[in-house]
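Here the structure of chain A is known, so what remains is to put chain B in place on it, guided by the hints.
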Amino acid sequence: AAGVIQSPRHLIKEKRETATLKCYPIPRHDTVYWYQQGPGQDPQFLISFYEKMQSDKGSIPDRFSAQQFSDYHSELNMSSLELGDSALYFCASSQTSGGGTQYFGPGTRLLVL
Amino acid sequence: GQQLNQSPQSMFIQEGEDVSMNCTSSSIFNTWLWYKQDPGEGPVLLIALYKAGELTSNGRLTAQFGITRKDSFLNISASIPSDVGIYFCAGPTSNTGKLIFGQGTTLQVKP
Chain A
1 AAGVIQSPRH LIKEKRETAT LKCYPIPRHD TVYWYQQGPG QDPQFLISFY
51 EKMQSDKGSI PDRFSAQQFS DYHSELNMSS LELGDSALYF CASSQTSGGG
101 TQYFGPGTRL LVL
Chain B
1 GQQLNQSPQS MFIQEGEDVS MNCTSSSIFN TWLWYKQDPG EGPVLLIALY
51 KAGELTSNGR LTAQFGITRK DSFLNISASI PSDVGIYFCA GPTSNTGKLI
101 FGQGTTLQVK P
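Line by line, the protein sequences give chains A and B. Heads up: the first sequence is residues 1 to 113, going by the numbering used here. Heads up: the second sequence is residues 1 to 111, going by the numbering used here.
Note that these hints are calculated values from the structure, not bench results. Just so we're clear, the structure is a prediction, and the values are computed from it rather than from any experiment. By construction, the Cβ of each residue, glycine as well, lies at the ideal position given by its N, Cα and C atoms. Hints may be right or wrong, so weigh each one.
[As the list claims (entries may be wrong)] Covered, in the sense of this in silico footprint (three residues per stretch, anywhere, with C-beta under 8 Å from a C-beta of chain B), are these stretches of chain A: (1) 19-32; (2) 47-58.
[Stated by the list, open to error] Cross-link-like lysine-lysine pairs, in silico, DSBU-like; alpha carbons within 30 Å at most: (3) A:LYS22 x A:LYS57; (4) B:LYS36 x A:LYS22; (5) B:LYS110 x A:LYS57; (6) A:LYS52 x A:LYS13; (7) B:LYS110 x B:LYS36; (8) A:LYS52 x B:LYS36; (9) A:LYS52 x A:LYS22; (10) B:LYS36 x B:LYS51; (11) B:LYS51 x A:LYS57; (12) B:LYS36 x A:LYS13; (13) A:LYS57 x A:LYS15; (14) B:LYS70 x B:LYS51; (15) A:LYS57 x A:LYS13; (16) B:LYS36 x A:LYS57; (17) B:LYS70 x B:LYS36.
The shape of chain A in the complex, shown without the other chains (with noise of 0.2 Å):
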């Protein structure tokens, strides 16, 4: 069954640099959420779109943007990258009308230097 993807899977970056995440949800899924996970941590919530919409906004900072395209990719913006920046970062996608169960992509390990 076809999954959730992420590009790139690794990023290395310097400070005040920008990256570029991009999400590919599961075909007929109409939710992505973006996640941020630190070293030991659990995920924490950054930004979710429901067709193409924003649906909901977690501790995201004003340097981050996200939006949704017509093909249902995302693409999560970030710059002016600091040091604590370095995570990973997840996305997922879930059906609204299958219950929206979330099924996560593999993720982009982002270094910042």
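Below, chain B without anything else, positioned relative to chain A:
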């Protein structure tokens, strides 16, 4: 805000033993999810529970949705080395579905 308290924090067991972990909250949840995460990988859904009192199995895994809707447990029977990983409970905190997670239970299995 809402929190999920997961215990134990870690377990080191012998292959073949049964394992039990649980998650509690001061708030009511309408859904309980259990995920397993390997290092550097994304959480993989193990079991989803949608109804208070529900008991669901997936192979050697069994999970229950507490009758009060404030707790859930996960049991793994006859553990094997590939059960090693971090197990998270999670639940949606709003009608938008955003999840909060427990702190995780790290499981190590000795062959």
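Comparing the hints with the structure gives:
With a cut-off of 8 Å between beta carbons, the stretch 19-32 of chain A has 1 residues touching chain B; three or more are needed, and the interface restraint is violated. Using a Cβ-Cβ cut-off of 8 Å, 5 residues of the stretch 47-58 of chain A lie near chain B, which meets the minimum of three, so the contact claim holds. Between LYS22 of chain A and LYS57 of chain A the alpha-carbon distance is near 18 Å, which keeps this suggested pair within the 30 Å criterion. Restraint check for LYS36 of chain B and LYS22 of chain A: satisfied, since their Cα atoms lie roughly 23 Å apart, inside the 30 Å limit.
Distance check on the hinted pair: LYS110 of chain B and LYS57 of chain A sit about 42 Å apart at the alpha-carbon level, beyond 30 Å; violated. Annotation: proposed proximity of LYS52 of chain A to LYS13 of chain A holds, straight-line Cα distance about 28 Å (limit 30 Å). The suggested pairing of LYS110 of chain B with LYS36 of chain B holds, with an alpha-carbon distance near 18 Å, which does not exceed 30 Å. For a cut-off of 30 Å, the pair hint linking LYS52 of chain A to LYS36 of chain B stands: about 29 Å separates their Cα positions.
Distance hint between LYS52 of chain A and LYS22 of chain A is fulfilled; the C-alpha atoms sit about 15 Å from each other, no more than 30 Å. Taken as a hint, the LYS36 of chain B and LYS51 of chain B pair is honoured in the structure, with Cα atoms around 21 Å apart against an allowance of 30 Å. For the hint pairing LYS51 of chain B with LYS57 of chain A, the CA-to-CA distance comes to about 27 Å; that is within 30 Å, so the pair holds. In summary, the hint linking LYS36 of chain B to LYS13 of chain A is supported, as the alpha carbons are separated by about 29 Å, within the 30 Å threshold.
Straight-line distance between C-alpha atoms of LYS57 of chain A and LYS15 of chain A comes to about 25 Å, which keeps the hinted pair within the 30 Å bound. Distance hint between LYS70 of chain B and LYS51 of chain B is fulfilled; the C-alpha atoms sit about 12 Å from each other, no more than 30 Å. Simply put, LYS57 of chain A and LYS13 of chain A have alpha-carbon atoms about 25 Å apart, close enough for the 30 Å limit, and the pair holds. For the proposed pair LYS36 of chain B and LYS57 of chain A, the alpha carbon gap of about 25 Å is at most 30 Å, so the pair holds.
Annotation: proposed proximity of LYS70 of chain B to LYS36 of chain B holds, straight-line Cα distance about 21 Å (limit 30 Å).
When each numbered hint is compared with the structure, violations occur for hints 1, 5.
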